[in-house]
Amino acid sequence: MKSYTTRAVAFVASAALLALTACSAGSSTSGGPSAGGDQSLSLGLVAEPASLDFTTTDGAAIPQALLGNVYESLVKQDESGKIVPALAKSWTVSPDRKTYTFDLVDNAKFSNDKPFTAADAVFSINRVKTAWTTSLKAAMDVVQEAKALSPTQLQVTLTKPSNGWLFRMTTRIGAMFSETGVSALATEPIGTGPYKFSKWNRGDSIVLQRNDAYWGTKPYFQQITLKYFKDPTALNNALLTGTINVITTVQAPEALTQFTSNEKYQVIEGTTNGEVLLSFNNSKPVFRDIRTRQAIRQAIDHKALLDTCFAGRGKLIGSMVPPTDPWYEDLTGVAPYDLAKAKSLLQASGAAGATLRLRLPTLPYATSCGQVVKSQLEQAGLKVQIDQLEFPAAWLTTVLKNADYDMSIIAHVEPRDLGSVFSPTYYTRYNDPELQQLLAAADAGDEKAQLDNMRKAGRRLSEQAASDWLFLLPNLIVADKNLTGLPQNAITENFDLSRLARS
Amino acid sequence: MLVFGFLAVLPGDPARVALGVNASDEAVAELRRQFGLDRSLPVQYVDWLGGLLRGDLGTSYVSKAAIGPQVFDRLQVTLILVVAAMAIALVLAVPAGTVMAARHRRLSGVALSALSQVGVAVPAFLAGILLIMVFAVKLGWLPANGWTPPAQDPAMFLRQLVLPALSLGLVQGAVLTRYVRSAVLDVLREDYLRTARAKGLRPFPALWRHGLRNAAVPVVTVLGLQLATLLIGAVVVERVFVIPGLGSLLLDGVSQRDLILVQDVVMVLVVAVLLVNFLVDLLYVALDPRLRTGTR
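Residue numbers (the numbering used here), protein chains in the order written: chain A, 11 to 513; chain B, 3 to 298.
Hints were generated in silico from the structure; no laboratory data involved. Keep in mind that a hint or two might mislead.
What the hints assert, rightly or not - Which chain A residues face chain B? A few, computed with CB under 7 Å, are given here:
1. Ser-145
2. Asp-214
3. Asn-247
4. Thr-251
5. Pro-402
6. Leu-406
Stated by the list, open to error - Distance condition first, Cα-Cα at most 27 Å in a straight line; then the derived DSS-like pairs of lysine-lysine:
7. A:Lys-466 / A:Lys-313
8. B:Lys-140 / A:Lys-274
9. A:Lys-240 / A:Lys-274
10. A:Lys-147 / A:Lys-92
11. A:Lys-411 / A:Lys-384
12. A:Lys-147 / A:Lys-411
13. A:Lys-274 / A:Lys-99
14. B:Lys-66 / A:Lys-240
15. A:Lys-393 / A:Lys-313
16. A:Lys-119 / A:Lys-99
17. A:Lys-325 / A:Lys-351
18. A:Lys-124 / A:Lys-209
19. B:Lys-140 / A:Lys-240
20. B:Lys-140 / A:Lys-139
21. A:Lys-157 / A:Lys-170
22. A:Lys-393 / A:Lys-294
23. A:Lys-491 / B:Lys-66
24. A:Lys-351 / A:Lys-294
25. B:Lys-66 / A:Lys-147
26. A:Lys-491 / A:Lys-466
27. A:Lys-124 / B:Lys-66
28. A:Lys-240 / A:Lys-209
29. A:Lys-124 / A:Lys-92
30. A:Lys-411 / B:Lys-66
31. A:Lys-157 / A:Lys-99
32. A:Lys-209 / B:Lys-66
33. A:Lys-240 / A:Lys-411
We put the CB at the ideal spot given by N, CA and C, even for glycine.
Model the full assembly from the supplied sequences, consistent with the hints where possible.
Pasting the structure below:
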């Protein structure tokens, strides 16, 4: 066969032709392609929003782009997870922990030129209950009344004390809208933030312009382009060829070496709120026996799994609490890898030899980790049958809504989602009155009570083996070396653009 | 009707996709009502078809924006890409195919022929990945991906167009070369060409004056079919090169179960293919006078 030579000929010929075309097309610009000058910045992101309206469309992509950048909330989280002032300069809590009084900044303006006042805050809070359709709106159910005491003072009364409410006000639920600026949220977001929405090239990018009338410290960059890439290789190539300056989320950690070994780039590695669960359907008879659940946890060698399916990046966790939450404790020792123990637990519970359906969403980490889980569980004496379900559409309907599954693998990326994920009505079908009590006590109590009860809740989940926690997704960012202000840990819903600068 | 039927039985619910992993059943039911998904399928179908006849492509479930302008925008991008690819394919195929036919018993003809076989075997997306690796990542001559509207920055537009158009055009060119070769070979064996040679014309001028027009008829047929293939091939290449064309709109629509959008895009593609076939028929008549008398 002479296919090698013909292929070589083909390659040389096409290369020559390409070179010709390349020269003529590139002749009108000088130098290589570059992402903007000193005043502008391009970021590469993964999931493009389907709409710009997070009041009716769920998903992390919209708040990632807009919250904190275009929209602001009364309070926000700093890098250590503490709740700090934003549009509210300060606030007080009544002794019965039911009434919050916020003093608002007096110089904030919406991008439609209307000033921000307490009336807008009342409007925004009430609107969550009336106009939002995503189920996150339930976080506002605890509010009895919001009223404007003066243009710069807002009073919110709750039906019962709730620590969770103030925290949720740092998320998209707390975003402040203008009374006259909600007519076209899906295409024209209007907020008070350091950046103004400028343009959305659907299927490609969102462009933000600096808000020169911003009430706080004005950001460094004049223009920021958020470019969306579905293909991780295309995303990497865009940084390598200078089309973008930052990869905000590295999708394929095994490809990271091409950046770590290159002087031009910095690699940031921290933690996120994204717990990758091997979730159990706790309503299935096989999972009602705690010994089966424990056996599965102990049959998995998490370190080996992380090395194989996520290139060793990420952090091992033993429960639903990421290290940036105040009540984190290292619970990886609760169910250590022990194959012999797992086998005997399975014998005792009678689940040895049972066939479990592992229904995976078509996401890269789920597909690759699923194979490892299967082989490790089969060593312990279970049979695992893998199905792939198209994500999001098919997976959401089959697993999330109908709970037609035994096990699945998915990352839960919401902050402080312990209570919502392990609930009897959610797809985990985890019915545990004791856990519910701990969570209720944490929400109602003072700071110390919250800390104690949340810590107990985290431990209980781990000891009860309500699911297995494969690992915590890492915050992996690659960027131009001279860029500053990138977040070490990704613990908020938004990607904060206001602190980015070039040194 | 077929498209509508298939999409209706596809698992997955646009309302649930829009509301994500935390959605309550009540919220999903409410959104289904807003989308009009609680109506019976025939009602939905008639509603959509009625809109199409009025030139109204409807409103997307997911983005809540009118679909018409979106599809139109994306269609332009895809058309530019397809036309550029076709141009490359033609520029490549016509001379190469002719030379291959004229020299089909010599080494140069055989070598070209083998080369085109390689081109036929390589899928466009693989060609794209190879081109990116060599010309964007290694050499840094051209951007690896992206799209700039020509009105905004013509130079950047051209630079970004080169690699995707090449990866589609080289492959299609290779396929087309095979057809040009066999068409020209057939023509070479015709009596009138032998007569032309006998009059004293040298081989290439004879082919040029008497042969090419005759050879063009079968090639145009293939060209029409290939244009349809290119529209589909563009879907994959658009993903590799991150180009906001019709293909990426279609893929996003499917994954979000934005059913109206998917139906519209498929309709537009069908209309485009029909148009191409119509144009090919017109070209036949222009190329071959015999077909014109047939209509009298």
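Against the structure, the hints:
Look at Ser-145 of chain A: its Cβ gets to within about 5 Å of chain B, closer than 7 Å, so that hint holds up. Annotation: Asp-214 of chain A was flagged as interfacial toward chain B, and the flag holds, the nearest CB pair being 4 Å apart, inside 7 Å. The interface hint given for Asn-247 of chain A is met, as the beta carbon of that residue sits about 4 Å from the closest beta carbon of chain B, less than 7 Å. Interface restraint check: Thr-251 of chain A against chain B, minimum CB-CB distance 4 Å, threshold 7 Å, status holds.
At about 5 Å, the closest approach between the beta carbon of Pro-402 of chain A and any beta carbon in chain B falls short of 7 Å, and the interface hint on this residue holds. The beta carbon of Leu-406 of chain A is positioned within 7 Å of a beta carbon in chain B (closest approach about 5 Å), and the interface hint is therefore held. Simply put, Lys-466 of chain A and Lys-313 of chain A have alpha-carbon atoms about 25 Å apart, close enough for the 27 Å limit, and the pair holds. About 15 Å separates the Cα atoms of Lys-140 of chain B and Lys-274 of chain A, which keeps this hinted pair within 27 Å; it holds.
A hinted pair counts as satisfied when its Cα atoms are at most 27 Å apart, and Lys-240 of chain A with Lys-274 of chain A qualifies at roughly 24 Å. Restraint check for Lys-147 of chain A and Lys-92 of chain A: the C-alpha separation of about 22 Å stays at or below 27 Å, so the hint holds. Note on Lys-411 of chain A and Lys-384 of chain A: the hinted pairing holds, with a Cα-Cα distance of about 24 Å set against a maximum of 27 Å. The suggested pairing of Lys-147 of chain A with Lys-411 of chain A holds, with an alpha-carbon distance near 19 Å, which does not exceed 27 Å.
For the suggested pair Lys-274 of chain A and Lys-99 of chain A, the alpha carbons sit about 40 Å apart, so the restraint of at most 27 Å is broken. This hinted pair checks out: Lys-66 of chain B and Lys-240 of chain A have alpha carbons roughly 22 Å apart, not beyond 27 Å. Between the alpha carbons of Lys-393 of chain A and Lys-313 of chain A the distance comes to roughly 22 Å, so the proposed pair stays at or under 27 Å and holds. The straight-line distance between the Cα atoms of Lys-119 of chain A and Lys-99 of chain A is roughly 15 Å, inside the 27 Å bound, and the hint therefore holds.
Using a Cα cut-off of 27 Å, the hinted pair Lys-325 of chain A and Lys-351 of chain A holds, with the two alpha carbons roughly 24 Å apart. Using a Cα cut-off of 27 Å, the hinted pair Lys-124 of chain A and Lys-209 of chain A holds, with the two alpha carbons roughly 21 Å apart. Straight-line distance between C-alpha atoms of Lys-140 of chain B and Lys-240 of chain A comes to about 22 Å, which keeps the hinted pair within the 27 Å bound. Note on Lys-140 of chain B and Lys-139 of chain A: the hinted pairing is violated, with a Cα-Cα distance of about 54 Å set against a maximum of 27 Å.
Taking the CA atoms of Lys-157 of chain A and Lys-170 of chain A, the gap is about 17 Å. The hint holds against a cut of 27 Å. The hinted pair formed by Lys-393 of chain A and Lys-294 of chain A meets the criterion: a straight-line CA distance of about 16 Å does not exceed 27 Å. Taken as a hint, the Lys-491 of chain A and Lys-66 of chain B pair is broken in the structure, with Cα atoms around 40 Å apart against an allowance of 27 Å. For the proposed pair Lys-351 of chain A and Lys-294 of chain A, the alpha carbon gap of about 23 Å is at most 27 Å, so the pair holds.
Of the supplied pair hints, the one linking Lys-66 of chain B and Lys-147 of chain A holds, its CA atoms being roughly 20 Å apart against a limit of 27 Å. The straight-line distance between the Cα atoms of Lys-491 of chain A and Lys-466 of chain A is roughly 42 Å, outside the 27 Å bound, and the hint therefore fails. Using a Cα cut-off of 27 Å, the hinted pair Lys-124 of chain A and Lys-66 of chain B holds, with the two alpha carbons roughly 26 Å apart. About 20 Å separates the Cα atoms of Lys-240 of chain A and Lys-209 of chain A, which keeps this hinted pair within 27 Å; it holds.
Restraint check: the Cα-Cα separation between Lys-124 of chain A and Lys-92 of chain A comes to about 30 Å, which exceeds 27 Å; the hinted pair is violated. Among the hinted pairs, Lys-411 of chain A with Lys-66 of chain B is consistent with the structure: their alpha-carbon atoms are about 24 Å apart, no more than 27 Å. With a CA separation close to 17 Å, the supplied pair Lys-157 of chain A and Lys-99 of chain A stays within the 27 Å bound. Restraint check for Lys-209 of chain A and Lys-66 of chain B: the C-alpha separation of about 17 Å stays at or below 27 Å, so the hint holds.
Restraint check for Lys-240 of chain A and Lys-411 of chain A: satisfied, since their Cα atoms lie roughly 26 Å apart, inside the 27 Å limit.
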